[in-house]
Amino acid sequence: MTVDFFRPGHSFLHRFDPRAKLLLLMPLFVCFFLPGPLWLPASYAGALALVIAGWLGPRELAVPLRAIAPILLLICLLTPPFHLRGRPLVRLFSLTLLTSEGLEETILLFMRFTGITLASFVVFRTLDLNDFVLSLRWFGLPFSLCLVLIVTLRYIPSLGATWRNVRDAHRLRSGPSQPKARGWMPLFTSILIEAIKGIPSLAMALESRGFGRKTPRTSYAVLPAANRFVAYLVIALAVSAVLIVPSFLLRR
Amino acid sequence: MNLADTPLLLVKDLFFRYPGMGTESAPPVHDGLSLSIPAGSVSVLFGAADAGKTTLARIIAGLVPRFSGGSLQGALLLDGLDIRKSLPFELMEKVGIVSQDSDEQIFTTRCDTELAFALESLGVPRPQIVKRVDRCLLEMGLSAFRERNPSTLSGGEKKRLLLACLSAIGPALWILDESLPELDRAWKARVLDSFTGRGKTVLALASRWSPILAGKASFFALLSQGRIVSSAGRGDAPDFYGSLSRDGILPRHEKPRRRDTPSDVLLKAEGVRFRFPGQDGFSLAIDSLELRAGELCALLGDNGSGKTTFGKILCGLLIPYAGGISLSTSGGFRKAPPHELNARVGYLFQNPDHQIYLPTVRDELALGLRRQGLDRVEIDRKIEEAVELFSLPDPSSPPALMSYGGRRRLQAAISYLLPREILVLDEIDSGLSCREVERLLDALVPRAPGIVFITHDMSLAESLADRILVMEAGKLSRDFRPSSSGEPA
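Chain order of the listed sequences is A and B. For the first sequence, our numbering begins at 1 and goes up steadily by one. For the second sequence, our numbering begins at 1001 and goes up steadily by one.
So that you can see chain B by itself, here it is in the shape it has in the complex (with noise of 0.2 Å):
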């Protein structure tokens, strides 16, 4: 391992378990791990779902194992600061992290207070507060949002809120959760650009491999069965691009296997028009779109460019105020209402927990598949098939103590078992690496005719997509076949 003279993080031979439940000792997240980031350095750590990054990240920021109990062992040096003998508000100038999940980190109901509350912890005078939040606003973009309630942003504005807080506090070092995937290519590029301009010392977490962060980072480090398995200057380097591709985080550039070649027209969008009741400034316009049996298409856009809201309208949980969506019947194409498009067009929330609710695996796949009146050994022969296609743990485990990617692979397995026409999946690549969405795609692929996936992330788009929409303010801007760049489809 590279490491440099005056390390700002130091972490060796950690070792990490968390509590197990009853008797039974959970396996260690961490075991021998050691890492050195220098400096005024970007670094990346690349690591499957489940490799413990995010872990690590909450070690090094105190809260781990402060909030969830678990053993912990190992040197942490943070600036020359013990970690382990210190409590996350007197790091918070140290440290700060940009977690996966926004929500879990905003908790004020205005965009300019949630910045200005560690400044006010801190001591800072006001008229100081009043600068920095006026600046980190500028700096990301957020000024027109200075009144609004951040559970309002998009995915990629929320991220941009957090980027803000931190800057407004300016901690030494800064530790990106996945948190770059969610923001579009523009502000990838100049998120990246001020932290080396600057000299900040930065840690990205990252599943999957990113062409803008590999050219912007200095350190690149593997994680995988609890430790550092590959590190290296160079994200291109020979041995460790090698690391990267045994462990799933390069995507192949093989296309999922394909039930049929793009055909028939299942589903048309024509004259769509929507606004959110009371919100001025977004609205979706999409003109005209005919989705086939036997496309996989990408969906890809800015951060509030109605991705999502687009995907929603397709199967029906938000109703456009004009024109609408249709799809095919004997008789033709009609006009789908709302609980049509329900029962035929299929919707993979981005959070997991909106739709895992049930106490085992096994009754989470069986709902669906009873809904549909198969006998019981119908059932079980699915569920079997279910779970060894996505590997999931034994049926009768919860589900609410499976992994984020456990979890995941499950969304993904009750959607296989639904009979749903075209599915529509919502940012299914995030914080999966590249070998687990192509895994969840090559199962889902086959089983429903039409798929659409919305992401941020072009090259994941272009290696797996036939087809790629890019929506822009609310408006499909781009629609191309990948292998011919830029040739309509």
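Isolated chain A, as found in the complex (with noise of 0.2 Å):
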């Protein structure tokens, strides 16, 4: 069974040009490393939420919120000790636990992080591989490039089946009672055997299928028509200066 972070989808956000949406990636990035207020990322980080939750569901929202739960509360756990400037908030006998730089400074880092997930997550969630890879030819990225994203892209989710795989066929044969660490090495083996082995295989199976012709490559795929592009251009141009300018007007 494969991982396949994309979801077919028929909403605004899937049909929003490719080309736009990666490029609208960048000002969503950057808007949470802006100065400014510290409600401003929250808000950010609020209206993603409500973008997933409002087009893709509710469900949706849980997705990346799951994923990244760890690194949020080593996040919460691991900052207020490095900033104890500032008013102390929480203390303990002498030692003080957390200051209001040390709050602040959690909540900003808390925020970005979650800003960013929701942001790729939004993104990447609603597009397919193969219009991302024919953006980033559109973009000029030349092709023999586009196929090891391609491959990559493949092959990540397919090691993770042969994983799967490998630890079903050793839990049979080994029984659950293993001890942990002992148990990780064979499969590890088990896995890279696999992966060495693929290398021929799949050099074999592209040369089959005429990678490596000097002919001129056509394209199956195409990109929506370039009135399209322009128009969700504006559309992300727009949302970029509303992600942007007001870090400037309400600089500190």
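Simulated from the structure, these hints should not be mistaken for lab results. Possibly wrong hints are sitting among the right ones.
[Claimed, not checked] To give a feel for the contact side, a few chain A residues facing chain B, derived at Cβ under 8 Å:
{"hint": "1", "residue": "T79"}
{"hint": "2", "residue": "F82"}
{"hint": "3", "residue": "A169"}
{"hint": "4", "residue": "R171"}
{"hint": "5", "residue": "S208"}
{"hint": "6", "residue": "V222"}
C-beta: ideal position from N, C-alpha, C; glycine also.
From the two separate chains plus the hints, produce the assembled complex.
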């Protein structure tokens, strides 16, 4: 079974031109690092959460949040001890555990990490891999590099599936009581054997399907028409302005 | 040999040897192999596992020795072109392979782009690519899977996807490397009819006799000890049939040795319901099934009917959302949790590399024995027994360098040494000759009280099994004893 990040759909986000969507990713990232009041990144992250819940469904919102929950917990636990300036908020005897600066820094890091994750999620959850690669080719990336990307994106989930197969096979043979540290080595070895054996097979498959020919390649998949790209680019620019301008207007 | 006037493929005095390990030189795979495939014919090249069929296919496609190294001599002409002077991408319109392991050939994330890749390489204009992709997906019954990730398809569906890929290119010679056994009966017939109907030149490589293939082909050859030892225009020509029998390509029509006659119930599956999360369409529903001690069951069914899924449920690797598997205990039958199923029901994976990972044959065989708490002397004795029984190489040999057939035998030997009440053997016949399958079952049947082997080969099932279970769309549709054709079990 494959872990495929993209979920097909017909929402506005799915229809959004892939090139404009990729361009929009940059201001979506940048806005979380611009100076401004603390509520600004919080409101961006909140807006992204609303976009995901509204267009993709509330359940979809849980997917990225569940994935990053352990890291968010670490941020909450480890940031305050490194930022002890400002008004003490929580003390244990003579030991200061949380200060106003520590709280602000924790919220900021929390919001940045959550925001970037939600931004990536909203883009890649609604972006078909083929459209992604076509967009990169449109931006000028050579076909061989795009192919590397396709193969990598194909093989990462594939290795995941192999991992599960091998783990199952070993569980049947060695039982569940095998010590954990020792149990990982055979798994890694099997995956490694599979991966190494896959290299010449992949090369054979690619050359058998014409990789290496001098003939100019044509393309089966096509990107939406240029006028649609322009329309979505305008929307992307407007969203970018909404994301960037407030930080300059509200600079502390 | 029946040489046609205009052979599409001409192989003369072929010699090939893979590079050796260290100072040792590997034995030759082919030595003095000559073969001629007439244009517009369906030919079958039989050979046991490790006879060199896959290597020959790869040599013809220009992939070996390019990607493997090794020493190649002899003449190889394909449609007048010298194969030895051509690169694989230059030969793609002349020859195409559907390989035994589909996962080796699939590398994109959608079925339609998998088909389109080769056409893009050939520079075919987009409107034509779209038409050809549509036509080929329809031909192979995959139109509904157009946007699906190929890695989520069943084994037979992947084979059909690869056939569709070849159909899109339309090479002069199609090489099907053990590709038909994974297709169900209806698809086998449909694919073969499409070949004969359109006058395609096909070379099918097979390790077992297939009546359906024999009925469509017009040239047959047997590859053994690196060369063609026999050939005929009809598969049932007496001399040729005799050669196939000697090489174990034909079933022997004799059941494996049994320890018991079918008696006590070992396992009950009741009200089992299963569905893969996030996948619509397929669901498994087994209302009731009992497996008895001393019973050799064959599990058959169309591609995607749920055979492997059910096999994995039996051994606790997949957990149903309703119902379950009960095993016999001293206090009667009790629904078994997954870890108990893991420990009492064995499962032989289709891919040996998922089960074999240690440096030597000895390490592989000893692992399970050590976990049973046996002493060194007993472990050595059992290893010696397994090595002899399964014709394994020296115990110090590295499994990674063993042939496919050898790794399959090692996999079976590992299962043999594990005390399991029931063994599920997933496509144990894949890539093996009848004799090799019979040998494995002969060794395993007396060891495990109950055996279920998954296969697509009805004739093999009829010749070996005591009971045949047939699955259709996730349900058990038939349960009968082969000798009484259709009589309920």
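So, going through the hints one by one against the coordinates:
This hint is violated: T79/A has a C-beta 36 Å from the nearest C-beta of chain B, more than the 8 Å allowed. For F82/A, the suggested interface contact is broken, since its CB lies about 41 Å from the closest CB of chain B, more than 8 Å. Look at A169/A: its Cβ gets to within about 4 Å of chain B, closer than 8 Å, so that hint holds up. The closest approach between the C-beta of R171/A and any C-beta of chain B is roughly 6 Å, which is under the 8 Å cut-off, so the hint is satisfied.
Against a cut-off of 8 Å between C-beta atoms, the interface hint on S208/A holds, since the closest Cβ of chain B lies about 5 Å away. Here the hint on V222/A is kept, as its CB sits about 7 Å from the closest CB of chain B, short of 8 Å.
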